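Asks: Keeping their order, the protein sequence lines are chains A and B.
Residue 413, in our numbering, is where the first sequence stops; the numbers in between run on with no holes.
Residue 131, in our numbering, is where the second sequence stops; the numbers in between run on with no holes.
If you are wondering where the hints come from, they were derived from the structure by calculation, not from laboratory data.
Keep in mind that this is a model prediction, so the values were computed, not measured.
Some hints could be false.
As the list claims (entries may be wrong) - Only pairs whose alpha carbons sit at most 25 Å apart, straight line, appear in this in silico DMTMM-like list of lysine to aspartate or glutamate:
(1) B:Lys33 with A:Glu145
(2) B:Lys37 with B:Glu49
(3) B:Lys37 with A:Glu145
(4) B:Lys22 with B:Asp53
(5) A:Lys256 with B:Asp128
(6) B:Lys37 with A:Glu136
(7) A:Lys342 with B:Asp128
(8) A:Lys160 with B:Glu90
(9) A:Lys342 with A:Glu393
(10) A:Lys160 with B:Glu41
(11) A:Lys256 with A:Glu303
(12) A:Lys318 with B:Asp128
(13) A:Lys318 with A:Asp351
(14) A:Lys342 with A:Glu371
(15) A:Lys3 with A:Asp72
(16) B:Lys78 with B:Glu49
(17) A:Lys318 with A:Glu349
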Amino acid sequence: MAKRLDDHSEHLLRELAPQALGAIIRRFRDFSAAEDAVQEALVAAAMQWPEEGLPENPRGWLIQVASRRMTDLQRSESARRRRETAAAVYFGYMAAKETEQDDTLILLFMCCHPALSTSSAIALTLRAVGGLTTAEIANAFLVPEATMAQRISRAKQSIKSSGVPFRLPTEQERAQRLGAVLHVLYLIFNEGYVSSVGPQLQRRDLASEAIRLTRAVHALLPYNGDVAGLLALLLLTDARRAARTGPDGELIPLTKQDRTLWDQEEIREGVALISATLSSGSIGAYQLQAAIAALHDEAPRVEETDWLQILALYEPLKRMSDNPMVTLNYAIAAAMVHGTRKGLELLDELDGDGRLAGNHRLNAVRAHLLEMAGDQQAAIAHYQAAAGRTASEPERNYLLTQAARLRESSGNA
Amino acid sequence: MKYILMMNCPSTGYDTFGAWPKKDIQAHIGFMKSFIKALRESGELVSAEGLADPKQAKMVRAGKNGAPITDGVFAEAKEFLAGYWIIDVESPEGAYAIAARASAAPGPGGTPLNMSIEVRQVMSGPPDEFV
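Same shape as in the complex, but just chain A (with noise of 0.2 Å):
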């Protein structure tokens, strides 16, 4: 029987994986052929590192095994084709002036791409830098596998029409292309954390792996601020995981949860990282929700929540962001620290803001304050209504209970 990849060579595969991707991109500037080709060595790798030993230089050797199939493989088309590759191939020699370390992040940039639409972009950033399979993807969104494939393909087919340069993005590009970027794992980490939809072994890995890419991203761009103040808030998140629901799989507000459950790992990893990236210059949207939910995950019991500096955080995020989820937060914040009232005003300015108009978050919201304010009638009432509006089966599950709940304690069961 044929041995194995251990661990440790998997673990590096996986991180070498986009680099050879970048590399071969960049010398061959072909997208789909670059991704069989680097797929077809990583089989390679995997069939002949545990019978030869680790390569001395495990990166060169997959680029080289991946060039060589590139080469193969443009041979055998046509001399038109291998005419503008040429030509393609000196262009990108000439743009290639970025370092080795940088092709896993230009091609998270390519991946992310703002051209591309947010499921392409997901769903492309999992298969060429996240390296997983097809089928992996699939399974986390529960769609059959032939639908994604056709999805990346597309998504790499919009890459090449569009003619997106294989390099960094300028310098005035940069920060809103890293926003691109960062939105995209944000989405990715979303999907996974905690849901009862289907395979959650599989959605939960996606979490995994949205946190294990924005630190591969902290690695390469360790002094941003805004991808340190990501991982942190993904780590803080995180932590709460193993809390956030209930045996079969039921929601549990942060309020009601076991804390003995969080993982103090994680929650020691996000707040060092938050703690340093706030004493250094520029503070964005990312490193306030970090430093919010580091706030939430410090506090032993739900009593000792610090809700004065976390409505003092929630200032600047809403006048940096202009979302009005932000202010929904905000008036909980604020309920917590002035009074259900001042919350619930807050609530009817909302009202006005045709965002949020039909959105079960301003009823679910709304029913929770008018709750602690002892108005149980109103309450029940935006409890159903949020229940009636969410497309989450376990939060309706949660809205529809908590309606019962208190219809059952105010007698009218």
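Based on the hints, put chain B in the right spot on chain A.
Replies: For chain B alone, coordinates are given in the frame of chain A:
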């Protein structure tokens, strides 16, 4: 976000369909096949099924000991589910656009049927954090 698009037809729909001229039946079937193929190729198809003639349908209920009690489908039911598509799209508007394409499937003489397609969101969204 995932949506189910449900194609309902009148209880007489299967018989009416069977009475179309051959080329119209073929055009309709061809449309449905290429519609599914296009959804797969655009990376949006989750699943799709056509359902058998409602004349074969049964209503089932559990009896006292849990054993199934079957009954014929009630004739007064006006509409039946004839088939459905589950799609994964970026927005509700994306789902409506696809539903409109299905609605315009060719009928007799190649005229678009413009049948009504019921669009419902599948509960597959990730839940929010609740305080």
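Asks: Which of the numbered hints are not met once you compare them with the structure shown?
Replies: 9, 15
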